[in-house]
Amino acid sequence: MRDFSQNHDWLSINTATIRKQSGAEVPLDRIIDQCAERGIRAISPWRDQVAAVGLDKVAKQLKAHGIGLSGYCRGGFFPAADAAGLQAALDDNRRAIDEARTLDAPCLVLVVGALPGALEGKAAYKDIARARGEVRDGIAASLEYAREVGMPLAIEPLHPMQAADRACINTLEHALDICDELDAGKSGMLGVALDIYHVWWDPKLQQQIARAGRERLLAYHVCDWLTPTRDLLSDRGMMGDGVVELKKIRGWVEDAGFAGFSEVEIFSNLDWWQRPGSETLDVCIERHKRAV
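Using the UniProt record's numbering, you'd call the opening residue of the sequence shown number 1 and step up by one each time.
These are computed hints drawn from the structure, not numbers from a lab. There could be a bad hint or two in this list.
[What the hints assert, rightly or not] The list that follows gives simulated cross-link-like pairs (lysine-lysine, DSS-like), each with its CA atoms no further than 25 Å apart: (1) 20 with 57; (2) 122 with 60; (3) 20 with 289; (4) 204 with 248; (5) 248 with 289; (6) 122 with 57; (7) 186 with 204; (8) 60 with 20; (9) 186 with 126.
[Unchecked claim] Here are the computed distance ranges between Cβ atoms for each label pair: (10) 255 with 182: 32 to 38 Å; (11) 48 with 145: 19 to 25 Å; (12) 66 with 101: 17 to 23 Å.
Using N, Cα and C, we set each Cβ at its ideal position, and we do this for glycine too.
Make a model of the complete structure from these sequences and hints.
Written out as structure tokens, the structure is:
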């Protein structure tokens, strides 16, 4: 296993981690500057943050700082109530793929979606099998274009608590089943984004990480699971503050062939989003060396 204790060369910051600083929203260009000031070599930005600053401006700023991407957040949300909605989702994913290419991302992360309308409390239907079928078909259609332009897609399985509203793919095994169906040759164009927050509990995790192998492990996200958890969406812990065996899991991931960035992704409305970004980034660097 790689030794992270001497530097933070393999640390990436998912920009959600510091999109709020001292309780206020901070623009992406400022976040990029903060990362550059600390010698952080990679980030994973969100589409809305990129759009607010401007795609071309962000691309130029990243190049000027010598900062790469560990992923691009996010595509997905394929299910819809009708044919027009399904097509709109495919069109939006095509745009996301193009944005990821412009930023030279190694992959586009897919949060696949679930029951349409559930996030707003008004699910259009309750048939989760239908949603999973629409997800499968949406990934298949998006993969065709992704292959044309050379942008890998990374399915992110989300914790079962989010099966109704954000993602109806909830285990690494399920994500890999879809990968094997749609990309049997392991072309490198379809894989997974493994987010510790969502999968650490899975009794099949070690087995499925080994199954994924280098070809399918396209992104690796880290944080920690706090006990008690005060909010299931926005109370992620800093690495080392919770109950996840982070070093053990990274060992499994690296044994499977992954040699990329450990991407810190922390949603923390009650804690880290209330702190200055400088403090959060400095702690990320320290914990990446010690706890990841």
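Hint check results:
no. : hint                     : verdict
1   : 20 with 57               : holds, 21 Å
2   : 122 with 60              : violated, 41 Å
3   : 20 with 289              : holds, 24 Å
4   : 204 with 248             : holds, 14 Å
5   : 248 with 289             : holds, 15 Å
6   : 122 with 57              : violated, 37 Å
7   : 186 with 204             : holds, 21 Å
8   : 60 with 20               : holds, 23 Å
9   : 186 with 126             : violated, 33 Å
10  : 255 with 182: 32 to 38 Å : violated, 26 Å
11  : 48 with 145: 19 to 25 Å  : holds, 22 Å
12  : 66 with 101: 17 to 23 Å  : holds, 19 Å
Violated hints, listed in ascending order, are 2, 6, 9, 10; each of the other numbered hints is respected by the structure.
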